[in-house]
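Those protein sequences? They're chains Y and S, same order as listed. If you count by numbering that gives the first Met the number 0, then the first sequence holds residues 0 to 303, one letter each, in order. If you count by numbering that gives the first Met the number 0, then the second sequence holds residues 0 to 310, one letter each, in order.
No lab work stands behind these hints, which were simulated from the structure alone. In this text, all values refer to a predicted model and were calculated from it rather than measured experimentally.
Heads up, incomplete: computed chain Y residues facing chain S, CB under 10 Å, no partners named:
no.: 1; residue: E52
no.: 2; residue: Y78
no.: 3; residue: G83
no.: 4; residue: Y84
no.: 5; residue: I107
no.: 6; residue: R212
Label pairs and their in silico Cβ distance ranges:
no.: 7; chain 1: S; residue 1: G150; chain 2: Y; residue 2: G227; range: 21 to 31 Å
no.: 8; chain 1: S; residue 1: Q71; chain 2: Y; residue 2: L126; range: 45 to 55 Å
no.: 9; chain 1: Y; residue 1: S44; chain 2: S; residue 2: D231; range: 34 to 44 Å
no.: 10; chain 1: Y; residue 1: S44; chain 2: S; residue 2: Q293; range: 56 to 66 Å
no.: 11; chain 1: Y; residue 1: S171; chain 2: S; residue 2: D191; range: 30 to 40 Å
We treat Cβ as the ideally placed atom computed from N, Cα and C, and that holds for glycine.
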Amino acid sequence: MPFYVSPEQSMRDKADYARKGIARGRSCVALKYAGGILMVAPNPSSALHKISEIYDRIAFAAVGRYNEYENLRKAGVTYADITGYQFDRHDVTARGIANWYAQTLGTIFTESNKPFEVEIVVAEIGLQSSDDQIYRITFDGSVSDEPGFVAFGGQADQVSTALKERYREGLSLAEAFSAALAALNAPSNGEQRPDAVAAQLEVAVLDRARDHRTFRRIRTARLEELIGEVRAADQKAAEALEAAAAAEAAEAAKAAEAAKAAETPQTPAEPEPADSGPQVGPDAGSSDRGSGVGDGGEPPSSPL
Amino acid sequence: MGSYFEGSQPGPFGGGNGGPGRMRGAGGPGSRPPAGFMDRQGSSFADFVGSHSPGLLPGVTPGPAVPAGDGQALRDLPHATTIVAASCEHGVVLAGDRRATSGSMIAKRDVDKVFRSDEYSAIGYSGTGSLGIEFIRLFQVELEHYEKIEGRSLSLEGKANRLAWMIRGNLAAAMQGFIVVPLFVGYDEGADRGRIFSYDPLGGPYEEHRFYSIGSGSVFARGSLKKLFVDDMPVRDAVLACVQALYDAADDDSATGGPDLTRRIFPVIATVTADGYRRLSEAESEDYAQQVVQGRMSAPDGPSAPLRATG
Numbered sequence: 000m001p002f003y004v005s006p007e008q009s010m011r012d013k014a015d016y017a018r019k020g021i022a023r024g025r026s027c028v029a030l031k032y033a034g035g036i037l038m039v040a041p042n043p044s045s046a047l048h049k050i051s052e053i054y055d056r057i058a059f060a061a062v063g064r065y066n067e068y069e070n071l072r073k074a075g076v077t078y079a080d081i082t083g084y085q086f087d088r089h090d091v092t093a094r095g096i097a098n099w100y101a102q103t104l105g106t107i108f109t110e111s112n113k114p115f116e117v118e119i120v121v122a123e124i125g126l127q128s129s130d131d132q133i134y135r136i137t138f139d140g141s142v143s144d145e146p147g148f149v150a151f152g153g154q155a156d157q158v159s160t161a162l163k164e165r166y167r168e169g170l171s172l173a174e175a176f177s178a179a180l181a182a183l184n185a186p187s188n189g190e191q192r193p194d195a196v197a198a199q200l201e202v203a204v205l206d207r208a209r210d211h212r213t214f215r216r217i218r219t220a221r222l223e224e225l226i227g228e229v230r231a232a233d234q235k236a237a238e239a240l241e242a243a244a245a246a247e248a249a250e251a252a253k254a255a256e257a258a259k260a261a262e263t264p265q266t267p268a269e270p271e272p273a274d275s276g277p278q279v280g281p282d283a284g285s286s287d288r289g290s291g292v293g294d295g296g297e298p299p300s301s302p303l
Numbered sequence: 000m001g002s003y004f005e006g007s008q009p010g011p012f013g014g015g016n017g018g019p020g021r022m023r024g025a026g027g028p029g030s031r032p033p034a035g036f037m038d039r040q041g042s043s044f045a046d047f048v049g050s051h052s053p054g055l056l057p058g059v060t061p062g063p064a065v066p067a068g069d070g071q072a073l074r075d076l077p078h079a080t081t082i083v084a085a086s087c088e089h090g091v092v093l094a095g096d097r098r099a100t101s102g103s104m105i106a107k108r109d110v111d112k113v114f115r116s117d118e119y120s121a122i123g124y125s126g127t128g129s130l131g132i133e134f135i136r137l138f139q140v141e142l143e144h145y146e147k148i149e150g151r152s153l154s155l156e157g158k159a160n161r162l163a164w165m166i167r168g169n170l171a172a173a174m175q176g177f178i179v180v181p182l183f184v185g186y187d188e189g190a191d192r193g194r195i196f197s198y199d200p201l202g203g204p205y206e207e208h209r210f211y212s213i214g215s216g217s218v219f220a221r222g223s224l225k226k227l228f229v230d231d232m233p234v235r236d237a238v239l240a241c242v243q244a245l246y247d248a249a250d251d252d253s254a255t256g257g258p259d260l261t262r263r264i265f266p267v268i269a270t271v272t273a274d275g276y277r278r279l280s281e282a283e284s285e286d287y288a289q290q291v292v293q294g295r296m297s298a299p300d301g302p303s304a305p306l307r308a309t310g
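Throw the hints in and build the complete structure from the sequences for me.
Laid out in structure tokens, this is it:
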């Protein structure tokens, strides 16, 4: 190289370059549910996948530059297949694959001029939910073990925050899907709404109920069903909320009347804010989401 | 051994020792990521293993070539024997006896020679046992690997051709007498029927129509099937015909095992239909075997075919 560039400067430049590349794309999420692990990615293409099968109980999801992560995916499949062929199918683990990715990405980051603009998640289901593992590997080869759920790519922080609000242990598939959709629709994760049509989403699960190869794509028909379920649940939650609000209003009116009758004007004003306390939570949440989503007409997602 | 554990091959854990990706001096525009699993060309697992760690391929012996066996040593290796296949209504049946022999001795009574190769195909083998097991494992991974890399399964012909190519890869071992001959069956979605492919020790495939058998008892099994087979049989009938054929093979061939009622060891039977691969449970297999054995109590030579063609 003609000029001296300090290592700090060069690393910083590479990291910035990779981050910028990744930030252009939209985020994906992976989360545990009662029956396995669910992965959801906004992806208008049905042929160029972001989520794929690596091995019997292991899946791969990536964001960033397609040719780079596709290359990594194939390498991961090869690594898994050759390990399983050489030893036994049980000897292929997500940890081994995550380590391999970490090492590969780390080497590429330090030794080549152009780092890979990718972020990868490797997930594995165990025999029980507590044995499930989700690893996230970033462009510089750092790897982290994620507890229960992970959002990665573009606006991972916001999406992750939104997902954290809704995630809990033992969600059903529909509940987990609803949480994933709500998180992907979090403010500033792109302008489009991925839940608008099934064709805009790529969804897959590692399903503990299956034997041998547990990876399964959720295709259009089943996906539309799931979206329908989520909408119905949202509707129900909204109706319940409305009913609760109406009941509360009626109660408040009654209380006000009673207060008027008793001619003590201070008392109804005091308990009212306290009463509407629980209602403020979901309301505030929905208005938060609503502003980002830019759609006031849609009922708020159920606070599952 | 020539495997990547000794560092003679670029290993799975990143680049090879001192490969282009690791050389600081090569860090110009031409610098490349670590070799090994990255930048894969093609989607064949066997091809990759062949270039990456050839010692893992079945039939490839490490070090200098092993001189041809003296015959006796070869005969003393466990050998798997008879496999039969018969097409049926919208599918195909594959069945195998359970015996492995070493020369004139029985090496194993309960060996498995019929396997699922993928969702819509099955494979059985006869010949050298250990080599066959490795071979089937490689073929299973080959099909699954292609499916994962390409996002779609191979066509049935593609699978059959792939298998032929893999057998040819075993040429050197075959010439020394370590022979494995598979019998491959699958469901052809386009034609909605089962198809059977046979091979010789150097490859193939030869497409067989209606039914086929391989292994030491195959002559007797095929003779039996010839008389029992009817086009487009229901699956149950085709299974029964296969079990009858295996019984006939065991009757006349010492290397083929019949149903073992005392130890409750029965043929392995698999069906491949539009619903995919299914291996019959022990209980189902026992049921068919019992039917055949009961029949033979009164007619030891089994059912007889009509002497004159009807109609």
